[in-house]
Structures are given as C-alpha cells and as structure tokens.
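J.: Line by line, the protein sequences give chains A and B. Be aware that the first sequence starts at 1, since it is given in our numbering, and climbs by one per residue. Be aware that the second sequence starts at 1, since it is given in our numbering, and climbs by one per residue.
Since the hints were made in silico from the structure, they are not lab data. Where is the CB? At the ideal position from N, CA and C, for every residue including glycine. A couple of the hints might just be wrong.
To be verified - Part of the chain B face toward chain A, derived, beta carbon under 7 Å:
1. G254
2. Q258
3. F260
4. D501
5. E708
6. D709
7. Q747
8. H752
9. I894
The chain contents come next:
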Amino acid sequence: MLLIKCPYCEEERPELEFRNAGEAHLVRSPAISEQSDDDFAAFLYFRQNPKGLQFERWRHIHGCGRFFNAVRDSVSDKFLTVYKAGEPRPDVEALLNPEAASVSATAAEPAKKRAPRAKKGEL
Amino acid sequence: MSTTAHSGSNRIAGAGRLVPAKTVRFTFDGQSLTGLEGDTLASALLANGIHLVGRSFKYHRPRGILSAGSEEPNALVDIERDKSRKQPNVRATVQEIYDGLKVKSQNRWPSLTFDVGAINDLFSPMLPAGFYYKTFMWPKFAWKTIYEPKIRAAAGLGVVPGEADTDRYSNRFAHCDVLVVGGGAAGLAAARTAAQAGAKVIICDEQPEAGGALRYETDVTIDGKPGYDWATETLASLRATENVTVLTRTTAFGYYAQNFVGLVERISDHLSNPGSDMPRERLWQVRARKVILATGAIERHMVFANNDRPGILLASAARAYLNQYGVAVGRKVGVYTANDSAYAAAIDLKRAGVDVPVIVDTRDNPSSPVIEEARSLGIDVVTGHAVFSAGGKRRVSSISIRPNRGGSERKVVVDALIMSAGWTPSVHLFSQSRGKVAWDAANERFLPGTYAQDCVSVGACNGSDGLQQALDEAAAAGSKLAGETGFKGKTKALKATGGTDWVLGMIGSAPGAGADTTVKAFVDFQNDVTAKDVRLAVREGMHSIEHVKRFTTNGMATDQGKTSNLHGLAIAAEALNRPIPAVGLTTFRAPFTPVTFGAIVNHARHDLFDPTRRTPMHAWHAAQGAAFEDVGQWKRAWYYPQAGEDMHAAVNRECVAVRNQAGIFDASTLGKIEVVGPDAAKFLELLYTNPWEKLGVGRLRYGIMLREDGFIYDDGVVGRLAEDRFHVTTTTGGAPRVMNHMEDYLQTEFPHLNVWLTSTTEQWAVIAVQGPKAREIIAPLVEGIDLSNEAMPHMSVREGRICGVPTRLFRMSFTGEAGYEINVPADYGRAVWEAVYERGKPLGLTPYGTEAMHVLRAEKGYIIVGQDTDGTVTPQDAGLTWAIGKNKTDYVGIRGLLRRDLVADGRKQLVGLKTKDAHVVLEEGAQIVANPNQPVPMTMIGHVTSSYWSQNCGRSIAMGLVIDGTKRLGETLYVPMPDGVIEVEVTGTVFFDEKGERLNG
C-alpha cells in the first residue's frame, strides 16, 4: 500500500484514502464541439502509460476530496512529487537531479519525453 | 543410548531443552502418540521413530521430514480441530503439538504405508516433465471434463475443508522506526542497538522463540554466554523495553512498496484449548521507516538418486532436533556433505551417543578443524566420494558410496542420512522489496545487490558468514538506521566465539546424478521435480529459467523452492552450458510461506464484508414481511408478500393497486446532490444534456448525464429550489460516481464556476406516493403548499411541511400515475411514512417494492440506466433525443455524440417487444435474431433489456436494444431459446396510457 502526500492536506496518508484518476494534464478544449476527430480521439482515448515517470491525477476521496496531480515512477511506484490541480507540470529533471538542474535551468524537458500523440494514419 | 520411553524411543536423556515431565498426547493417522511440550509435530514424530509422514505430489513416493523449519517441502499434514476448523498442508516442522492434536497424513489411499497411487512411481518413465501438456491435448473438451479432474484427484496435496472456517482472525496496523525481520543472532543484535538508541522497534521471528541457528549451534558463545542463553535473555530484555514490540510465531510474508510489510502472527495454533475470544491469527500491516532484514540462510539438500527417502534430512535439521528437542533422527546416522557445516551435526550426534558410521564428503581434500574433530571422535570421514544412491523405501536403510569419479562401490547400513550441500542466503524479502540480487561467483550464491527501498540486509542473508562478522554488521545497521530516524545512542559491542561459516558447498546434481544418468534425484521434493526433468526441459527448448520453471514446475510449490531453486538453476545452466547469472533467477513473490485466507480476509466476512445501507423505514418494511433485494450496498424492499402469495402474485397485486388506488414506495436510496451557488445552473448546463438556465424556480426536469464519450452515464430528476439552488437526484447505484464525476469537472475543468456540491443522499428520506388517489391521501397532512393541479402541476417542487416536519415535496412520477415524492429529513422518515400509510390505508394505499416499481416504469417505457443502457447507449439510442438542449454549445458528451459511429446507421436502439403469445415472458438478456432458420451461429441483432409480466396490460411486456430498432416498428423478430423460438413484434416502448394523461390526474 502506497503512502501518498496530499498537497492540500500536506500530510502523507495511506493509499486507501485516495483514488487514482488517470493521466494528468489532459486539456479539455473550450471549443470541444468543434474539435476534429483526431484531436478528440487523442483527448478521449490515447494515453501515455509510460514505463517510468508518469504524470497522473489522484483524488483524496476519503479525505479532503480534492483532485491533485502527482509524478510517479510506474516501475518503482515512487512518487517524485505531488502538486495541486491547475499548477504547471513540474520540471522532472530538477526533481531527479536537483543540483544539475540549478546549474542549467532547462525546463520543459519532460514534454519531449512524451511520445507524440497518435496520428490518424496510425489508428 | 538411554531413552525416555514416555515421549518416544528416540528421545535422548539430557539432550535438548524440553522438560521430560511435560508430556503432550496427540494422534497421527489415529495412532496415539506422546511428545513433550515445546515439540513441533516433526520433532515429536521423529522422537517416536516416525519418518514416513506423507506421499509425494506426483509419484506418490513415501516422504519424510526434510527440515526443521518453514522451508519444509515434504512433511505436509492435515490438522483438524473440528469439522469447520481444518487446515490442510500444515508443515509438521512448524506446527507445535498440543494435547489432543489430531493429525492426518495426506495424498495417500487407502493408507500411508500402502498407497495405490504409488503405482505412478513405477510408471514414472511415462510421466516426465511436460507430460500432461503433451498427452492430454485431444480431444479438446476432455481436458476440462476428464483429464484435469482425474489428474487433480490423483496428484495434489491436502483436501480443502468442506465447511466455512469458524475461526476468528484479527488485524492490526502498526508504525515503527525500525522493523527487524528475524530473531537470530543478527536480528537480535540489530534490534538491540536500535532499541537502545531509543527508536521504536518491531522485531519478528517465525519461531516460538528467538535465536535462529543459535538454538542448535551449541558451540557458540556471545558475550561470554552460551548463544542460546544470550538470545533468550536478549529477547526478554527487548520484550521489557517500552519502545520495542516483540512478535514471535510471526512470519514476515510480504514486502510491499514504501516499507509496508505484512506479518502474520500465529496466536492459537499451538494451544490445546484456545479461549473463544482468542483469534487464530493476527495480520500485522507494518509501515516501517527502516527495515532490517536478518532472514538468515536455508540449507540445501544433496541431489542424488533416491534422495527423497524418509530418514534423509538436512544436517542442520538433525542438529536442531538433537540440541533443541533432544531427539536423535536415527540410531545409525550417515552424513553426506559438500561443506563444513554438516560436520557439526555429525559431531553433536556422535557425542550424544548416536552411531555415525560415515561422513561422505564430495570435496577431494577438505581441511578444517571440524573434520579433524570428527575423525578424532572415530567417525569414518570419506572424502572425494559421493552417495550414489539410497536404499530402502519407506525409510532409508542403506547408502551406496563410490568415489566421485567412479570406482568400486560400498554399501553402508544406516537408518538415517543427514546432508548438506551448503547454504542459500534467504533473499526472498529483499527480492520482494524489488531489490536486485547479485551473483557472488566465488561462493555460488545470490546476495542482495541494488536496494530499491529503505532497508538493509544483515547476517547470513547478506552473505556475512562468520558469527562475529554478522553481529558487528547487524549492530552497525541497527545503530545507523536508528540514527537516521533521529535516535542516537551507543551500545556495547558483542563478542562471539564459535559458530560455523556458512559458505561454500555445491549447487546442482551431485556425482552420480549427472547428465549421463537417468536416476531419480530430486531437486524439488514438493512438486516431484528431478534433475532429469530439468535437463529434459532444456532439451525441449526451454532456455530461460522462467520457462524451465513453468515446464518442470520446479520451485512452484507452496515452499516456493526454498531448497530447490538454486539446484534447479545450476542444473539448467550446466545443461545450457551458460553461466548461472545468464540463465537468471526467478522472481520471489509474496507470500514467503503460505498465509491462510482467514488472515487476509480477516474481519471482512459476513456482515462486515461490505457495509449494508438501510433506509430510515427499513424496520417498517421488515415488520411488514417485505422481501429485500440488494441494490449496491442498499437493502431495498423488493415486494411485500401477503399470506399465501408468491412473488408473482404480490407484485401483480401491488402493480394493480398503484394504477387503481395508490401505492407507497420507499425511494430513499435515490442519490441526492445539492448543487448550490451563483453558477449552479451554468454548472448543470455543462454536466447534463438538458437546458437548465431557463428552468423556473419550483420546477423539475428529467436530466441525462453523459460521459465525455457521449454514452449515458446517469439520469435523474432535478428540482430548482431557488435561482442558485438545485436538488439533483441520481440513480441509487450511481450516486457516488456521479458525485465524483461532478467534483472532477468542477475542480479540474470548470474551476471558474462558483458552485458547491454536497451529497445529501443520507439526509433525506423519500416517500413516493403514486396513483389516482395520491393527492387525496397526502392533502390532509400537508401544510403551506397548494396541491391543486393549477398551483402544483406535474414536474414541480414546493417546500412546506408535512405531518409538522419540513418537506421538499416533488410532484413527479416514475410510474406514469399522478404522484408525489415526499422528501423529509431522514430522522422523520419512518414517522411520516407511517402517518401517510395510516392515512392512505382506508383508501387502498398499498406498499409496493422495487419489483413492482420496475414493472410500472416498464409499462411506461421509462428506462433504468444500467439495465436498459450498458455504457454504449446514447440518448438517441434510448429514444431520449428530446432531453438534449438543442441550442447548447457545450456539455460533457457533446463532442462524443458527434462521433461518426454514434451518428451512423446500424446502432442498437431501444424498442418495445411484444411476444406474439401474450403469456410468454421473455428472458432478460436473451438474444434477438431476424431469421430463426439461419445456421448457428446466428447473426444477433439485439437483446432483451427489460421483461416482465404486466398485470395492468394483461400481457407480457419487454424492451430491448435492436439494431435500427426504430425503423423496425411492426416487424416480427425472433428470440431463439433452448425450448424453441419465441416470436416478438417490435413496438414503441410505452405499453400503458400512451398519451400520458394519467400524470396530470
């Protein structure tokens, strides 16, 4: 059973209090009804499911009830960090290697690690 | 040799630590035997000269006791306290005896000494590894019906008990700074330093007492005391320390993420008459900041022909039986070894007066003080030799000795043989923690390599072989980890003398059981896997140890290959001519030793399996004799049978009463969510397909909720109580997920909306009064609300009082009749229900249950989400297009509904189905075809979702999802059933009062 820190309660609590809510940072388009089939399919169905670090949503359902995001290694189950819903994707390189990251302040590295969305022809 | 007859002929006076006067009576296969308090079943049987304890899994070969610990693969027995407290596959080496213990041997018929199944042993050339996979492939059906049941009956171990377990099991969560697994020398040393620093420590050991190998290593001193005395005193002082929890008879069986370790404590399995308030076992779920693994090492057997004969056992086990239990495993004990540690056992036995005719050592020129000591005691030490075979059937009677590289054979008469191929560090828990093991080539063993969690291995499980080295390492680890949790302190170092280095030895088959032989040299006793089987697996193309394991089942028995894994790996590596690390090691998985279902299931049985939710009126329904049905966690009144009525008759009566007079129905289980805030209407616009902004205060609307993919997720009636306040109802089963769905969108997609959501399901009791007399019945009880049709038409809501208590009165209907749903605070539910019932009874008011509710709504074609929909049904499919706001630009599911496949032809649509024979009621779930004469498998074009006998319609009614159903109105379709084909006509979904006039009555 994992121990998970809720960024709202600022407490580590057992996994029993939480419910996983799938991949994080999927953006529902404000003009969703005009979205193309491909874009909507990417939003609705296609998930990264990476071996390694993943950005995921959790809900502290038997606690404060809030949804939040986490970075977890799907191999070791270790949480790198948790952060509130709406906050930007954290800089994973900095989390993994705090010293090196402070030297070269390169952000947005994790975005490159994500596999590109499936294109229509690949469906 | 002097013996004490009372507790067995092989008990040696003066040896061991048990008290001769404290005798215990038990039975084995009906034979009455005596042991001593503190005996395990194994030691007590051996004391009585009994080695033959069971029959093997596949060949039904006689099997005895191999070990003195939890790694035991052979000596599995059935323990029965009574019919409901019966445990198969208990390891005789773990079970402690008590007065009245009843033991039965397993996997034999008709008796242990004469077993018909043993004929498998003669046919064994026909039963190699993989035999079943290859032989019983054809015909296909026979595997399930003939082969598997027969094979299962012939093979196998104990028999599953036939009755529910009446034992109790308890559960505890615990937190500590340092968890120490193992109470041997290393574990105690680690716990001692951590505890003295002040850390909160839990130490567990699977044995009844501490000490591990110190229980039989009589040549050891620690701190100037005999090792066992030091261990006992240290444990006692730990027990007396406030910050320490000592758990004996407790196995750490699973190591999970973030230092979460599962322990199972055996509380009463060793007691003759456990108190009725005493649990059998206690599950400990420990979250430790640091874990110290001091799990020791497990001795391996030698792999040679007939090495499974009863009377052949591990050297350390023989030593434990002698030094702990005062039992000699035989009177003439041969020794077969590939390392030094067996010598200590031989020396102890010899000194206790047991005849040790020979020590056979496979090593060519071993030199060690223990070898000299053995020789000086007059034991014949034969080096560079091997035991090629063991004689005897139900008990070893002789061993054949030959030089390793062949030569003349000599036979030595023995009645027991003890053996040691070396020691395997117990890295099970380390591996479970996802740590990576590393191959120690010099000593041919796997040791903890890369750690994945906050833990440290110490002592023999870490390859620290000498006792002093283990103690130093353990004390350092205890001090370091306690320090890391914030506790610093100094502890005096421990000084040890004696002890055996647990290194070297051999892995794989011994001389005489090599690749050029066909002898039965067992690697895995419990699954009857021989060295030959492993080689066969390699020849058949299994080149990974994972494949070899599955093909041969080596290491897959309940002992998880504690004694066999490394041997199997070495034999496979040799056959593959590859180094051992290249062949790989199979993964260790929890549980370390078998754990009872009882310990895991624990309190979650019967009433505590799942919470039961009851409405405030539940007791009234029960008093009326209602039958209940489970809906999610709720108990709902199903129907109210009167004297002489079956369910059918009761439901018919209830349905007719609602349409002719009125019915009263408990709808309290409906999910209820209060949606409040300036943006409440905007929020509902986004969550439901319907328009809400223009819904007037005091009005109700039926809403449909979709998922983003466009499929129906839930439905329910929503009332607007104020501009900024809505009373939302959901399906009974859907309430929690609807709440979660709403919260999700509110928090993460629409956080700009100022809305608050509160679950009020439990706060409101809901009394539905439905039928032509509904208004007449409730009118005298209602205050402050004009109930007239003009003032309060269908689909409106008013706040006022009923029976003097506040109410939200909904005028709505799920029956098609005029009716009300009276919401009152839950605490008043029963009182208001009774008042309404008393008032209505003279007017024919009839309580009706969920079954009548289902029939009545089906008569009107009202859907039930989850019955008439299944997560692939859109509002259009369900005939609910009218409930979609035409001018809306956004709501959850709006884009999903535009998906090509959702707007294409050929979708299943909800229609009514009338059987040609009005008395035939279709089965829900039955498939529908267009042409019943087509060959099987037929093309199915739909299925029945709801089907009932309708007394009000005088016929059966049904709804179903049928491809292009709305275009088929009037068509005849067919429902093929085992008894014949049923003809149905496709109709609209409304079977009663098609114009809906009764709603406004």
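J.: Now tell me if each hint is right for this structure.
T.: We went through each hint and held it up to the structure:
The beta carbon of G254(B) is not positioned within 7 Å of any beta carbon in chain A (closest approach about 11 Å), and the interface hint is therefore violated. The beta carbon of Q258(B) comes within 5 Å of a beta carbon in chain A, closer than 7 Å, and the hint placing it at the interface holds. For the restraint placing F260(B) at the interface with chain A, the shortest Cβ-Cβ distance is roughly 5 Å, inside the 7 Å limit, so the hint holds. Taken as an interface hint, D501(B) does not check out: its beta carbon lies about 35 Å from the nearest beta carbon of chain A, beyond 7 Å.
The beta carbon of E708(B) is positioned within 7 Å of a beta carbon in chain A (closest approach about 6 Å), and the interface hint is therefore held. A least Cβ separation of about 6 Å between D709(B) and chain A falls short of the 7 Å threshold, and the interface hint therefore holds. A distance limit of 7 Å between C-beta atoms decides the matter here; for Q747(B) the minimum to chain A is near 5 Å, and the interface restraint holds. Because the closest C-beta pair between H752(B) and chain A is about 11 Å apart, greater than 7 Å, the hint is violated.
Checking I894(B) against chain A: minimum C-beta separation of about 5 Å stays under 7 Å; hint holds.
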